[in-house]
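Q: Sequence:
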Amino acid sequence: EVNYSLERLEAQAKTLNLTLENYLKAVKKTIDQVKSEYSKRAEESIKLDLILLEIAKIEKIDTTTQEVEEVAKAGGVPENQLGQLKTIINRRKTIEILLKLC
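Numbering (the working numbering), first residue to last: 2 to 103.
Bear in mind the hints are in silico, worked out from the structure with no lab data behind them. Treat the hints with care, since some could be wrong.
[To be verified] Derived pair list, reagent style DSS-like, types lysine-lysine, alpha-carbon separation capped at 27 angstroms:
1. K61 to K15
2. K41 to K29
3. K41 to K58
4. K58 to K26
5. K48 to K36
6. K15 to K29
7. K58 to K36
8. K30 to K15
9. K15 to K26
10. K36 to K15
11. K101 to K48
12. K15 to K48
13. K94 to K58
14. K94 to K74
15. K74 to K87
16. K94 to K61
17. K15 to K41
18. K41 to K30
19. K74 to K41
20. K61 to K74
21. K26 to K48
22. K94 to K41
23. K48 to K61
24. K87 to K58
25. K58 to K48
26. K36 to K26
27. K87 to K61
28. K74 to K48
[To be verified] Estimated spans, in silico, between C-beta atoms of each pair:
29. L17 to T65: 40 to 46 angstroms
30. Q13 to L51: 16 to 22 angstroms
31. I32 to E68: 39 to 45 angstroms
32. S6 to I56: 47 to 53 angstroms
Where a beta carbon is used, it is the ideal one built from N, C-alpha and C, also for glycine.
Just need the whole structure built from these sequences, with the hints factored in.
A: Encoded structure:
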């Protein structure tokens, strides 16, 4: 996750015609500081995913194959990403239930 985020940052810097090093100088950060920030974000994201997964399990939230296929078809999602799509749909359903409780 951290490496992926760094690759995205480097790509964004290139769109500004900057190297990653020059971008980091401009924002006054080192690569280690950025890695640390990305690592913290990744850890928080994983914790949140685990919490949502447990809530979904307790509340028996699931997505049928038909639902996944309908969303995949509408969004042009490749077949090899259907498992990931199911996870995203389940997460969305869980968040919707939590929002209704607020």
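Q: None of the hints should be skipped; say for each whether it holds.
A: Comparing the hints with the structure gives:
1. Between K61 and K15 the CA atoms are separated by roughly 45 angstroms; this puts the pair beyond 27 angstroms, and the hint is violated.
2. Taken as a hint, the K41 and K29 pair is honoured in the structure, with Cα atoms around 19 angstroms apart against an allowance of 27 angstroms.
3. The hinted pair formed by K41 and K58 meets the criterion: a straight-line CA distance of about 26 angstroms does not exceed 27 angstroms.
4. Distance check on the hinted pair: K58 and K26 sit about 46 angstroms apart at the alpha-carbon level, beyond 27 angstroms; violated.
5. Straight-line distance between C-alpha atoms of K48 and K36 comes to about 18 angstroms, which keeps the hinted pair within the 27 angstroms bound.
6. Our distance criterion of 27 angstroms between C-alpha atoms is met by K15 and K29, whose separation comes to about 17 angstroms.
7. Restraint check: the Cα-Cα separation between K58 and K36 comes to about 33 angstroms, which exceeds 27 angstroms; the hinted pair is violated.
8. A distance of roughly 17 angstroms separates the Cα atoms of K30 and K15; the hinted pair therefore holds under the 27 angstroms criterion.
9. Taken as a hint, the K15 and K26 pair is honoured in the structure, with Cα atoms around 14 angstroms apart against an allowance of 27 angstroms.
10. A threshold of 27 angstroms between alpha carbons decides the hint, and for K36 with K15 the separation of about 18 angstroms falls inside it, so the pair holds.
11. About 22 angstroms separates the Cα atoms of K101 and K48, which keeps this hinted pair within 27 angstroms; it holds.
12. Simply put, K15 and K48 have alpha-carbon atoms about 32 angstroms apart, too far for the 27 angstroms limit, and the pair is violated.
13. Pair hint K94 plus K58 holds up; C-alpha atoms about 12 angstroms apart against a cutoff of 27 angstroms.
14. At roughly 19 angstroms between alpha-carbon atoms, K94 and K74 fall within 27 angstroms of each other, so this suggested pair holds.
15. Simply put, K74 and K87 have alpha-carbon atoms about 13 angstroms apart, close enough for the 27 angstroms limit, and the pair holds.
16. At most 27 angstroms may separate the alpha-carbon atoms for a hinted pair to count; K94 and K61 meet this at roughly 11 angstroms.
17. Pair hint K15 plus K41 holds up; C-alpha atoms about 25 angstroms apart against a cutoff of 27 angstroms.
18. Simply put, K41 and K30 have alpha-carbon atoms about 16 angstroms apart, close enough for the 27 angstroms limit, and the pair holds.
19. With a C-alpha separation of about 35 angstroms, the suggested pair K74 and K41 falls outside the 27 angstroms cut-off, and the hint is violated.
20. Distance check on the hinted pair: K61 and K74 sit about 25 angstroms apart at the alpha-carbon level, within 27 angstroms; holds.
21. About 32 angstroms separates the Cα atoms of K26 and K48, which puts this hinted pair outside 27 angstroms; it is violated.
22. Taking the CA atoms of K94 and K41, the gap is about 26 angstroms. The hint holds against a cut of 27 angstroms.
23. Under the criterion of a C-alpha separation no larger than 27 angstroms, the hint pairing K48 with K61 is consistent with the structure, at around 20 angstroms.
24. Between K87 and K58, the direct Cα distance comes to roughly 14 angstroms. Compliance with the 27 angstroms bound is thereby established for this hinted pair.
25. A distance of roughly 15 angstroms separates the Cα atoms of K58 and K48; the hinted pair therefore holds under the 27 angstroms criterion.
26. Between K36 and K26, the direct Cα distance comes to roughly 15 angstroms. Compliance with the 27 angstroms bound is thereby established for this hinted pair.
27. At most 27 angstroms may separate the alpha-carbon atoms for a hinted pair to count; K87 and K61 meet this at roughly 14 angstroms.
28. Using a Cα cut-off of 27 angstroms, the hinted pair K74 and K48 is violated, with the two alpha carbons roughly 30 angstroms apart.
29. Our hint of 40 to 46 angstroms for L17 and T65 holds, since their Cβ atoms are close to 44 angstroms apart.
30. Between Q13 and L51 the C-beta distance comes to about 29 angstroms, which lies outside the given range of 16 to 22 angstroms.
31. The hinted window of 39 to 45 angstroms between I32 and E68 holds, with their beta carbons roughly 42 angstroms apart.
32. S6 and I56 have their C-beta atoms about 26 angstroms apart, which leaves the hinted 47 to 53 angstroms range violated.
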